[in-house]
Amino acid sequence: MKLKSMLTAAILVAATAPAAFADKKSEAYVQANANSVLSVLNDRTLSTDAREKKFGEFMNKFANMPSIARRVIGANAQSLSEAEFSRYYRSFETYALEVYQVHFDDFRGEKLRVTGSTDNGPQRSTVESVIKSLATGKDTKVYWDVLLSKDGTSYRVRDVGIELGGSTLWLAQEQAAQFINYLDRNNGNIDKLISRINVLLADMEARKKDGRGSAYKG
Amino acid sequence: MSIKTAILPAAASILAAASLSGCITAGPDPQDPYADFNRQMFAFNEELDKAVVEPMAYGYRALTNEPVREGVGNFTSNLGEPLTLVNHVLQGKLPDAGATFGRFVLNTTIGIAGVFDPASSLGMARTQEDFGQTLGTWGVQSGPFLVLPVLGPTTPRDLVGKGGDVGLNPLNYPQFQNDDAIRLGVAALGGINAREGAIETVDELRNQIDPYTTVRRLYGRTRAADIGIPYTEPNDAQEVPNDELDF
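As you go down the protein sequences, you meet chains W and D in turn.
If you count the first sequence from 1, position 192 lands on 193 in the numbering used here, and the numbers rise without skipping.
If you count the second sequence from 1, position 89 lands on 177 in the numbering used here, and the numbers rise without skipping.
Simulated from the structure, these hints should not be mistaken for laboratory data.
All residues carry an ideal CB built from backbone N, CA and C; glycine is no exception.
Any given hint might turn out to be false.
Covered stretches of chain D, going by a simulated chain W footprint (3 or more residues, C-beta under 8 Å) [stated by the list, open to error]:
1) 284-297
2) 301-314
From the derived model, a few chain W residues whose C-beta atoms are all more than 10 Å from chain D [stated by the list, open to error]:
3) K25
4) N34
5) E53
6) N61
7) M66
8) E83
9) L98
10) Q102
11) R109
12) G138
13) K139
14) D192
Okay, chain D solo, but in the shape it has when bound:
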């Protein structure tokens, strides 16, 4: 992948995030101004998942065993370490950057291209950072919650972050024969492996009173925790009404 093609998705995501507010109409709920659009996209993604991705995840589960899936997960996570390292540096977390570098070297060599995770066994826990988190650390506000077709839940900040991740990942730059096809294949394998790991969780989410609201709040809470900022929706901080105190 050349520098030009690596930067392209970053620029596209920035443009998409910047122009989204012009394409969808904001609703009355300040906590979720694009709820109508988001719910339509959420339903679309659900159908797509049920028709294509989930059956593949079940098929993958049937064809593989736990050690194989763990190895695939380790391998794809290891490929994400350089991106985490770059984001550690951008966030000024230099000791974490050093630890991530150590993890990557150890797992890529002794861990046979990252299939095994000896670093964790030595107490070097995996951390994961992306450019959306870096933007959050720099004080960039998330903007409204969005659900996009195929991409799923995001915010304008995280959408820009996703593009930034493609541009910032050092592993996207080396060129070799069929590099794009190989990168795409690895990403697809990582995606299916991750979806297999989330079969039960997705099942639980579908069995909520309002799955969309659960996902929206879960996303906000998780991203805030990743960045290290508090997550409170306005209605969470309401005073206790007098009738509840009257006992």
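Just chain W, with the same shape it has in the complex:
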């Protein structure tokens, strides 16, 4: 009986060990990279343009932006030509980086602390972290949907969830809901979506210039 229990325990440990290892590595990945991204936003030695450029470079390493761009338009992505996707992606990337920057700016100068993770399969985990929000002065939970590459050597962030008012706002999911609804109401016309994104980008630029701040906060 004792031997049977020990064997069962050994099998359980063997079965769960790789997943737990993957989670710890995902946690370390988020801890290191999220703080790098946040430190860019806090780097006052950089001009605004240089800071935005560096932030974009970090985000492109941290997340797979073309993949996110496809995901947020759902099934519409399948019907786009390469040229159409390329046009859409140019606007999307600028817009998404602007939106992420606004959300992350709430945590400017603060250090993110990873508090744990949940394994969601062999290649996916959700990393939990906390960081103090400048807006509320309180610790805010931030979740990271992290994918592990097939060979187990690299990571990508798929989505970021920020706890707001007792619920979690997943940024890419929120964008997907809006983009897909917008396309559905415009017969899947990608040019109309691009125009809409560009109108909002122009508004964001105008707000920066006249000091009104960003308009985008989900």
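Chain D: place on chain W using the hints.
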């Protein structure tokens, strides 16, 4: 306000919620079956807000300063405490009911009719409960998302809840000279004060790719958080497609 007139809005909202599904045609989207109707009402409310309410909110901001607006907000919130207390009791949250009672007594007396909020300074944080939340706590499903003219975003459960709030609020029952006019005036002042506080937020909402979708999801998420239940739309829980894992 007599008991009869207090109960009337409650009954009307129950009737309205019950008959709405017969008036508007459901569409194909199971997450938002009344999207077409809702979007029309959303657009109507937007125009009404831009033409009437928003200019009043800006005017109010120009005429008042921050301490005055905070005092008005405290005063109107304090008048909502008895309703919160009743809903705490209905939800079986008796310690919260006790804390709300303490807040109301303290702020109404030392806080000069609720204009100041000494209770918060003493660590007694304000909570807000309504009958829609109580129904949710009892397990009543929200039903489909709705946008109604003037009233704005709601659900059949919350619409019934709004009527219930009028009937359940103990402050709606005392009768005095011009009581209805005074209650209406206080409600209007509270409304304008709240709209002033939301000027930036509304501005942000208008600058979304699809403001209606943002409001619908925000409403669902906020109400679920208020009640303490998870909010997940079916498309939020989708599996990761293989091509995203292939790197």
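Distance rule for N34 (chain W), whose beta carbon must clear each one in chain D by more than 10 Å: About 16 Å separates N34 (chain W) from the closest Cβ of chain D, which puts it past 10 Å; holds.
Mind verifying the non-interface call on K25 (chain W)? Its CB should be farther than 10 Å from each CB in chain D. Correct as stated: the minimum Cβ-Cβ distance to chain D is 20 Å, above 10 Å.
Least C-beta distance from L98 (chain W) to chain D larger than 10 Å: Holds, because the least Cβ-Cβ distance between L98 (chain W) and chain D comes to about 15 Å, which exceeds 10 Å.
Is R109 (chain W) truly not at the interface, in the sense that its beta carbon sits beyond 10 Å from all beta carbons of chain D? 19 Å, holds
Does the claim that E83 (chain W) lies off the interface hold, with its Cβ farther than 10 Å from every Cβ of chain D? Non-interface label on E83 (chain W) holds, nearest chain D Cβ at 16 Å vs cutoff 10 Å.
Taking C-beta pairs only, is E53 (chain W) more than 10 Å away from all of chain D? 19 Å, holds
Go check the region 301-314 of chain D versus chain W for me, would you? Three or more residues, Cβ under 8 Å, otherwise it fails. Three-residue rule met by the region 301-314 of chain D, so holds; n is 9.
Whether N61 (chain W) stays farther than 10 Å from all C-beta atoms of chain D, as the label says: 14 Å, holds
Beyond 10 Å from chain D, beta-carbon-wise, is M66 (chain W)? Consistent with the label, M66 (chain W) stays out of reach of chain D, its closest Cβ about 13 Å off (over 10 Å).
Given as non-interface: G138 (chain W), which should sit over 10 Å from chain D by C-beta: Holds, because the least Cβ-Cβ distance between G138 (chain W) and chain D comes to about 14 Å, which exceeds 10 Å.
8 Å C-beta criterion, at least three residues: is the region 284-297 of chain D covered by chain W: Per the Cβ count (6), the hint holds.
Per the stated criterion, does the least C-beta distance between D192 (chain W) and chain D lie above 10 Å, as a non-interface residue requires? The claim holds: D192 (chain W) sits with its nearest Cβ about 14 Å from chain D, beyond 10 Å.
In this structure, every one of the numbered hints holds.
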